[in-house]
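Protein chains in written order, with the working numbering: chain A, 616 to 1171; chain B, 616 to 1171.
Hints listed in this document are in silico derivations from the structure and should not be mistaken for laboratory results. Note that the coordinates shown come from a computational prediction; the quantities given were computed from them, not determined experimentally. One or more hints might be untrue.
Only pairs whose alpha carbons sit at most 25 Å apart, straight line, appear in this in silico SDA-like list of lysine to any residue [as the list claims (entries may be wrong)]: (1) 738(A) / 1044(B); (2) 984(B) / 997(A); (3) 1086(A) / 980(B); (4) 984(A) / 986(B); (5) 1086(B) / 981(B); (6) 984(A) / 990(B); (7) 984(A) / 913(B); (8) 738(B) / 738(A); (9) 738(A) / 628(A); (10) 1086(B) / 1041(A); (11) 738(A) / 1041(B); (12) 984(A) / 981(B).
2 protein chains.
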Amino acid sequence: MREDDWVIGIDFGTDSVRAVVAGSLDGRVLGACVQGYPRWARGLYCDPRANRFRQHPLDYLEGLEAAVRGALREAGNGSAAKVRGIAVDTTGSTPVLADAQGTPLALRPGFEENPNAMFVLWKDHTAVVEAERINRLARTWGGEDFTRFEGGVYSSEWFWAKALHVLQEDPAVAAAAATVIEHCDWIPAVLTGAGSLRGIKRSRCAAGHKAMWHPAFGGYPADAFLARLDPRLVPLKASLGTETWTADAPCGRLSRAWADRLGLSEEVVVAVGAFDAHMGAVGGGVGPGKLLKIMGTSTCDIAVGPRMAGPEIPVKGICGQVDGSVLPGMVGYEAGQSAFGDVYAWFRGLLAWPLEALLPATAAGQGLKVDGLAEAVAERILPELERQAAGLPAEETVPLALDWVNGRRTPDADPRVKGAIAGISLGTDAPRVFRGLVEATAFGSRAIVERFRSEGVRIDSVIAMGGVARKSPFVMQTVADVLGMDVAVVAGDQAVALGAAMFAAAAAGLHPGVELAQKAMSPGIERIHRPDPARTGGYEDLYQGYLGLGAFMERA
Amino acid sequence: MREDDWVIGIDFGTDSVRAVVAGSLDGRVLGACVQGYPRWARGLYCDPRANRFRQHPLDYLEGLEAAVRGALREAGNGSAAKVRGIAVDTTGSTPVLADAQGTPLALRPGFEENPNAMFVLWKDHTAVVEAERINRLARTWGGEDFTRFEGGVYSSEWFWAKALHVLQEDPAVAAAAATVIEHCDWIPAVLTGAGSLRGIKRSRCAAGHKAMWHPAFGGYPADAFLARLDPRLVPLKASLGTETWTADAPCGRLSRAWADRLGLSEEVVVAVGAFDAHMGAVGGGVGPGKLLKIMGTSTCDIAVGPRMAGPEIPVKGICGQVDGSVLPGMVGYEAGQSAFGDVYAWFRGLLAWPLEALLPATAAGQGLKVDGLAEAVAERILPELERQAAGLPAEETVPLALDWVNGRRTPDADPRVKGAIAGISLGTDAPRVFRGLVEATAFGSRAIVERFRSEGVRIDSVIAMGGVARKSPFVMQTVADVLGMDVAVVAGDQAVALGAAMFAAAAAGLHPGVELAQKAMSPGIERIHRPDPARTGGYEDLYQGYLGLGAFMERA
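So that you can see chain A by itself, here it is in the shape it has in the complex:
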């Protein structure tokens, strides 16, 4: 490993792809570039009212090329020659039906404009019925419950439900499909020029968390199980093989075509792909005892722990656990809060109602021109609420709230439960309601931590990243106070792509293992919120109240 051994981390998000050129010695970011998806930006192939969200493979390929070239340009002349490895993370589960060369059908003649031949984005919910069939069958067919390492409830957002939905909806696509491939598996296959199903290395992370792959099952779910959902799933399963790879493994080297396209050497090693949250967790510093929370509209919570002695037992009520999905050699656990920033966004939307519904017409009636005023006021709502809520004394009574405004992901997934605000009096103003909502999201975080602990997964501190973590010190301090643990906020907004860069460095042999790459290339911590003992104690009773309110709402 030398000063001028560089790596590229590529992070495919929902709206854009980011490439980061980083030094493998210290993780210094030498160049970065974000590229949007042009077809997606125009709303093509999507129907938000039907929760259908599809992405065209060309959006990914064009974005990939532009982002990498842009990052190299920023890194300066001669950058390309220093790059030794590339790794890719993507959203997921975001699968596509593909042909026998692993090519997404939308890239084949006749399917160019067919949404069913495109990637089915993580947040696409068209497979609700199919997910229900999978869950029902898993509980009733008399054999193995293949959902048990994925939280016991299979989601409409996941691999098999989506494949099944497309198969059943689109006979032409079904007839042409030879395999199903995750976005995070396809990009490395493209970059290495795999050209056949054998050349595709399936991500342990994607397969284990979303496709019911587990060593205890000998791989993916049994043929007999899949056949009862749709016989056409059986050959699709066969196309996947039975093996999966952790993301520190090399997938191969850059193909001549993509080496040319990116301006890189054919010697560059391409790592096996994985999901953004999992590589991002590594980028942020996840490790034993350190819960990594990616905090935005919702949260994705990643933890790791040692392999269990004896047969692996599922941790109850979390989203899933997969050996090697985060750090090789350790069990990766995934949990999450289905609304976090969205709780605050809901309240902001409520308070903005008069601005949207009444302000323009009222102003017009007064002969006032106020273009953009409503939007400008709405934008200041959350910062001002945060400022005023932070100024309330600790002993101030605020409402007790429940954060389940978008259902509950963890612990014990239930999409039907709802939120609540209890303990309202005439003096309960907006900042007080807001503080109650912030406390509720922190209680939701605590419920996950408590579940991990009661199931034997050690949690000593929290590392936070994502928009809410960086923008809202008050929220983060409340989380620290409610959890009674340090909450460290990851510096900068490159941590996810840097996580991919760490895997690139490990796969290229620049570090002996991703944990050493993680240590060397960390983006660092920009601040640590330490629990305030004066507040932590008071939150104990309130958390019990939160559990009680939740139990009542679940019964009601």
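Go by the hints and put chain B onto chain A.
Here is chain B on its own, set in the frame of chain A:
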């Protein structure tokens, strides 16, 4: 009774006094005048932060004269000669300490500017500690529980608590005091020139509902009880006598002085006074089976029923019951919701927060002049919420809420309970929250109706009056749907003063009894909300949910 036998009803409210000249034959309003209290309007003698609200007796006397003269002027030349009777209602409990002539101490030299020598307005809460002492003593002293016909909880807003508070706070006032007198008893005493304690006729309504007077006790609470609170209460009690009068009884005839002052004849009969809600209920049409709801920021609910056979048993959990407090010969029951319009006002205030906290500064930052815009938008919030909530389909899911944002008055008074909004999802917008809040206030109405019924008081329909009743058809329709009963809205805004006019007519002998006066002089109904069977059924489950949420919140 002739076409030109007129009466005057006088309604002393919180901020102003209203006089109405009405025909005794048909209740036609011939003249009306509202007069504000000048000292009160300037905020004199009050300290809102300490919940101290006092009113100077001169505000009442000057207002009375101006209002009566104004109403007579509006009724035209020769009106004064046609007036046969006057009756007065006031807020209450609004007592004052007075001398041996029944003169409020603030009218005596040395006390002119002393708030403790003035009327202690119904909403004055300075006597919280004294009310607690009364309640504790009533439950522990081993004798009769004198609170039992007043809901079992004595309020800081009531007669003895306020008298005790002033006695203990102000030795000079205590030394000069020979009696305590309610506002509704003092005005008739003034008008008739009583001039001594013997001439004051104490209102059954005021004494029974607020001063623990009951025939079962032989009048007011026992000396031994009062002495343990403060020995000085014993002579004050003696000054009250043991008798009380219903408001159809004549108090006397106009004194020469007041006949001159008002331009009326000394033949005019002055009725015994009563509280505004009780005379107002008669004005609105209360009767057996008809619950009269006066609906504003809170509600006051008045019902009547036949006397019980055998000893009178208190109806559990209502505010009070008094034989003759509403209609002579019947038991008058009082209940109420401590927040009704205030629930909506709370929500409006919440939604107006960005308008107040952010709009002016944001507009200024954009160089916009928007004087009055925030207020104009805020004023439109409730009408627009009502419009949009009314447009939601019946089957639409809205939050289940609890209306106890100002505690609970009835059933089972508890000022500590609080409100809640449960069942929030990301799609729960402001009109949906509002509909949930409106339903909650209607469920609160139903809880009172259910309690009356389970205690044997018949309720077949509702008559509604007051600001919310007249302004909010959506709210009234929801109440009808939730109750499964007709809700009739009283026409106009003179019903309370007309109620007083009905008592004036009865006391003057123009009708043989107030019930016949009520029938003849009714202001009429302006609209009837009939329950929509499509909605009434659905509210049954929701009401059970409301009870469940309430039970949970009380335990929590």
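(message) To test your reading of the hints: which numbers does this structure violate?
(response) 5, 7, 8
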